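Just so you know, we're using the numbering used here here: the sequence shown kicks off at 1092 and counts up by one.
Simulated from the structure, these hints should not be mistaken for lab results.
Please note that the accuracy of each hint is not assured.
Computed cross-link-like contacts, DMTMM-like style, restricted to lysine to aspartate or glutamate with a CA-CA straight-line distance of at most 20 Å [unchecked claim]:
| # | residue 1 | residue 2 |
| --- | --- | --- |
| 1 | Lys1107 | Asp1140 |
| 2 | Lys1153 | Glu1208 |
| 3 | Lys1107 | Glu1202 |
| 4 | Lys1149 | Glu1199 |
| 5 | Lys1153 | Glu1181 |
| 6 | Lys1222 | Asp1165 |
| 7 | Lys1107 | Asp1165 |
| 8 | Lys1149 | Asp1173 |
| 9 | Lys1219 | Asp1140 |
| 10 | Lys1149 | Glu1202 |
Pair by pair, the computed Cβ-Cβ distance ranges are [said to hold, decoys possible]:
| # | residue 1 | residue 2 | range |
| --- | --- | --- | --- |
| 11 | Asn1201 | Ala1108 | 34 to 42 Å |
| 12 | Glu1232 | Arg1110 | 42 to 50 Å |
| 13 | Gln1136 | Ser1172 | 15 to 23 Å |
| 14 | Gly1218 | Arg1117 | 27 to 35 Å |
| 15 | Lys1149 | Asn1123 | 16 to 24 Å |
| 16 | Tyr1115 | Glu1226 | 32 to 40 Å |
| 17 | Ile1196 | Tyr1115 | 27 to 35 Å |
| 18 | Thr1166 | Asn1201 | 31 to 39 Å |
| 19 | Arg1110 | Ile1196 | 32 to 40 Å |
| 20 | Ser1205 | Val1122 | 20 to 28 Å |
| 21 | Arg1129 | Glu1232 | 31 to 39 Å |
| 22 | Tyr1134 | His1154 | 30 to 38 Å |
| 23 | Lys1107 | Asn1201 | 29 to 37 Å |
Keep in mind it's a predicted model, so treat the numbers as computed, not measured.
Just so you know, even glycine gets a beta-carbon here, dropped at the ideal spot from N, CA and C.
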Amino acid sequence: MKSTGAKLNNKTGRAKAVRDIGLYDRDGGGVNYAFTYRGETFYAQYLPDNWTIYDSYKIKRKHDMIIICQALIDTHTVHGSDMVSYRTAEDMAYEWRQHNLACRILSEDNEWRSSAENVDFDPEDQGKSLKELFEDRTGNE
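Just need the whole structure built from these sequences, with the hints factored in.
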């Protein structure tokens, strides 16, 4: 089913509900997805226990991140770090905000910037701060 695009609140430009982003499976395989946000198409990929949103750094509103994350987990859930519970839209949005923060502080030529531009939601990163994510990736404090 193809999306007809987001129907955003005219006053704020914000998504009001999950249906507003028009998440759809691009090829019917349950892996490659797309959604529309503020007139731009974004791509997402689902692999077992992991969602990735490409160019996620362009989306900055926490409220909209939560709606987008809810659409993702309504489609495919992701386990929490304990591998028993499941990620919530709120905790996924927290991780997304940490990625966006990294994009703001890393220079364009920094090797970690391209990784930060695309948030991926997996169990291991649940609840981690930017500092913890950095330490995990680099092994440095």
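Original post:
Where does the structure disagree with the numbered hints, that is, which hint numbers, in rising order?
Top reply: Hints 1, 3, 6, 8 and 22 contradicted; others consistent.
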